[in-house]
Amino acid sequence: MAKIEIDNVTVDLPLKNDRQLSIAKHLDRLAARLLTGIKETVRVREAARSGIGGAIQTDSRGRTHVRALRDVSFSLKDGDRLAVIGANGAGKSTLLRVLGRIYEPTVGRVTVEGEVKTLFNIHVGMAPDATGVELIKLRCHLFGYDDDQVDDITEDVENFCELGEYLHMPVRVYSTGMVVRLAFAIITAVPGEILLLDEVIGAGDAAFVERAEKRLKTFFQRSAIIVIASHNYAILQEWCNRACLLEHGAVTFEGSVDDTLHAYNVSMGRV
Amino acid sequence: MSSVLIPSYIDLKKVLRDFHRSFSDVRPWLVLSFFEIRQTYRRSFFGVLWMPVSTAVVVLVMGFLISAVWGNPIARFLPFLAIGLIIWNYINNTVQACAQTFTASADTILQFNRPYSSYILKTVASESIRTAHSIPVFLVVAITFGILPSETYFLLMFSIPLLIFNITWMGLLIALVTVRFRDVSSLVQNLFTPLFWLTPVLYEPETLSGRVRDVINLNPLTHILEVVRSPFLNQTPSTLNWIVAVGVAIVGWAFTVMFFARFRSRIAYWL
Numbered sequence: 001m002a003k004i005e006i007d008n009v010t011v012d013l014p015l016k017n018d019r020q021l022s023i024a025k026h027l028d029r030l031a032a033r034l035l036t037g038i039k040e041t042v043r044v045r046e047a048a049r050s051g052i053g054g055a056i057q058t059d060s061r062g063r064t065h066v067r068a069l070r071d072v073s074f075s076l077k078d079g080d081r082l083a084v085i086g087a088n089g090a091g092k093s094t095l096l097r098v099l100g101r102i103y104e105p106t107v108g109r110v111t112v113e114g115e116v117k118t119l120f121n122i123h124v125g126m127a128p129d130a131t132g133v134e135l136i137k138l139r140c141h142l143f144g145y146d147d148d149q150v151d152d153i154t155e156d157v158e159n160f161c162e163l164g165e166y167l168h169m170p171v172r173v174y175s176t177g178m179v180v181r182l183a184f185a186i187i188t189a190v191p192g193e194i195l196l197l198d199e200v201i202g203a204g205d206a207a208f209v210e211r212a213e214k215r216l217k218t219f220f221q222r223s224a225i226i227v228i229a230s231h232n233y234a235i236l237q238e239w240c241n242r243a244c245l246l247e248h249g250a251v252t253f254e255g256s257v258d259d260t261l262h263a264y265n266v267s268m269g270r271v
Numbered sequence: 272m273s274s275v276l277i278p279s280y281i282d283l284k285k286v287l288r289d290f291h292r293s294f295s296d297v298r299p300w301l302v303l304s305f306f307e308i309r310q311t312y313r314r315s316f317f318g319v320l321w322m323p324v325s326t327a328v329v330v331l332v333m334g335f336l337i338s339a340v341w342g343n344p345i346a347r348f349l350p351f352l353a354i355g356l357i358i359w360n361y362i363n364n365t366v367q368a369c370a371q372t373f374t375a376s377a378d379t380i381l382q383f384n385r386p387y388s389s390y391i392l393k394t395v396a397s398e399s400i401r402t403a404h405s406i407p408v409f410l411v412v413a414i415t416f417g418i419l420p421s422e423t424y425f426l427l428m429f430s431i432p433l434l435i436f437n438i439t440w441m442g443l444l445i446a447l448v449t450v451r452f453r454d455v456s457s458l459v460q461n462l463f464t465p466l467f468w469l470t471p472v473l474y475e476p477e478t479l480s481g482r483v484r485d486v487i488n489l490n491p492l493t494h495i496l497e498v499v500r501s502p503f504l505n506q507t508p509s510t511l512n513w514i515v516a517v518g519v520a521i522v523g524w525a526f527t528v529m530f531f532a533r534f535r536s537r538i539a540y541w542l
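Those sequence lines, one after another, are chains P and Y. Just so we're aligned: 184 in our numbering is position 184 of the first sequence, and the numbers increase by one with no gaps anywhere. Start counting at 1 in the second sequence, then tack on 271, and there's your number in our numbering.
These are calculated hints, taken from the structure and not from any lab test. Even glycine gets a Cβ: it sits at the ideal position worked out from N, Cα and C. Don't take every hint at face value.
[What the hints assert, rightly or not] Mimicking DMTMM-like on lysine to aspartate or glutamate, the simulated pairs with C-alpha atoms at most 20 Å apart in a straight line are: (1) P/LYS214 with P/ASP198; (2) P/LYS77 with P/GLU134; (3) Y/LYS285 with P/GLU113; (4) P/LYS137 with P/GLU165; (5) P/LYS137 with Y/ASP296; (6) P/LYS3 with P/GLU113; (7) P/LYS214 with P/GLU199; (8) P/LYS217 with P/ASP78; (9) P/LYS3 with P/GLU104; (10) P/LYS137 with Y/ASP282; (11) Y/LYS285 with P/GLU104; (12) P/LYS214 with P/GLU238; (13) Y/LYS284 with P/GLU104; (14) P/LYS137 with P/ASP147; (15) P/LYS3 with P/GLU254; (16) Y/LYS285 with P/GLU115; (17) P/LYS137 with P/GLU162; (18) P/LYS77 with P/GLU193; (19) P/LYS217 with P/GLU104; (20) P/LYS137 with Y/GLU307; (21) P/LYS217 with P/GLU238.
[Stated by the list, open to error] Examples of chain P residues toward chain Y, derived with CB under 10 Å: (22) ASP12; (23) GLY100; (24) ASN121; (25) PHE143; (26) VAL190; (27) PRO191; (28) VAL251; (29) THR252; (30) GLY255.
Produce the entire structure from the sequences given, and follow the hints as far as they go.
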């Protein structure tokens with residue numbers, strides 16, 4: 001039984017402004033406070049809303065944050081396949097990272113029951129000097145599979161990516177498409193109960209894309225809950241049975257995939 | 272209108288869970304540490320053997336030069352220098368590598384929910400393996416000059432784990448601070464040069480007197496080094512050495528755990 005429950009989740013992302021983060025600036029502020037004895041007045045501003053992204057805020061200590069998620073709540077149970085729809089910067093990736101227990105929300109509660117598989121960036125862990133086989137084994141050990149499973153997975157990946165002899169050569173000599181094949185095959189070798197996908201299908205030749213879709217199908221069928229963030233609406237329509245629309249970090253619409261896509265188009269002024 | 276929300280609680284339970292997860296499944300980070308070493312020496316013929324080679328070169332050149340200039344008897348000085356340098360480099364390299372660990376693993380951290388402590392343990396493990404390759408250099412030098420392993424080596428059963436224990440909190444603390452303040456890694460790098468001169472690696476503490484000796488004794492690294500170095504040289508570390516080394520481990524870990532508990536949930540956001 002897999003289950004996801006998120007309750008009033010808000011996430012503030014610190015802005016990685018190098019000047020903001022420098023020690024010098026902090027010392028400056030500390031010195032000013034010590035010398036004048038005055039604490040800076042609270043100055044919270046909400047940046048003018050741009051078309052995309054969450055609200056930008058600066059707090060009393062000069063720290064700038066983006067409110068990437070705002071009061072998001074929903075629950076998912078076995079069989080739910082949720083499509084997350086939204087413009088760039090709407091908070092889709094942040095939401096997936098919250099569900100994957102990578103970002104701990106600033107406010108709110110997250111309950112995730114079941115083994116989670118994340119598929120955000122297929123290039124993670126592709127060390128250029130390692131051979132394909134080494135990378136397969138490494139990934140298996142990282143996920144704690146025992147030796148028997150490792151052999152099965154290796155064979156499965158070999159069959160799927162059709163790289164043959166190349167699997168024993170360093171990844172550095174692979175073409176881009178070959179790297180994608182290997183990375184995709186490794187990451188989709190063992191399904192989890194909960195699958196979180198962030199815009200990963202793409203590169204690869206036509207034959208590969210077809211095979212990749214077939215592989216994803218069996219992968220999907222073995223997962224109890226799927227959450228996909230994508231701009232590929234055909235995939236969302238085919239694979240998801242519910243959807244939510246994220247705008248500036250808030251869920252503004254929930255419903256079927258078709259209805260949500262319609263609401264999205266309306267809000268973008270395309271209908 | 273709302274202010275930026277930053278959780279500011281100390282969550283010890285989650286820190287314990289983080290360590291528990293790392294230690295209940297050691298294979299992932301051990302495999303990664305071996306993989307990392309293999310990566311470093313991937314296209315070199317001698318591989319990790321470069322480690323003892325470079326140690327030997329430095330020890331011989333420095334040893335003969337310094338004993339010529341200061342008139343130290345070479346038979347006594349060379350083994351002393353060899354083991355001192357190996358331990359110093361171990362501390363220095365591990366702490367520097369830990370400073371980079373979280374930022375270098377950003378992709379992995381942002382995709383997989385794995386305990387943060389496992390990244391530090393991975394770095395400590397690979398630096399330990401590297402250092403172990405240099406120990407034979409010391410043994411060859413020591414035996415050449417007639418310092419044969421004796422019963423003081425049994426003390427190493429306590430002092431080496433104590434050293435690793437101390438190095439690990441230093442590495443974790445610096446890694447945590449570096450994620451937020453990137454300058455810290457350069458700061459630490461620069462701090463280690465004066466610290467090297469304030470730690471009796473190139474000179475024997477017995478040759479010092481008066482105020483200089485007091486200053487050297489105020490440096491905790493002096494004692495952390497001495498509890499490991501003395502047994503290798505068939506000497507017993509002083510009570511002061513043990514008290515300081517153990518005390519630093521306790522105080523250091525207490526502080527680091529509190530610091531980790533306070534900022535653990537922020538690491539992913541600061542990457």
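Of the hints given before, which are not true for this structure? Hints 2, 10, 19, 26, 27, 28, 29, 30 not satisfied by this model.
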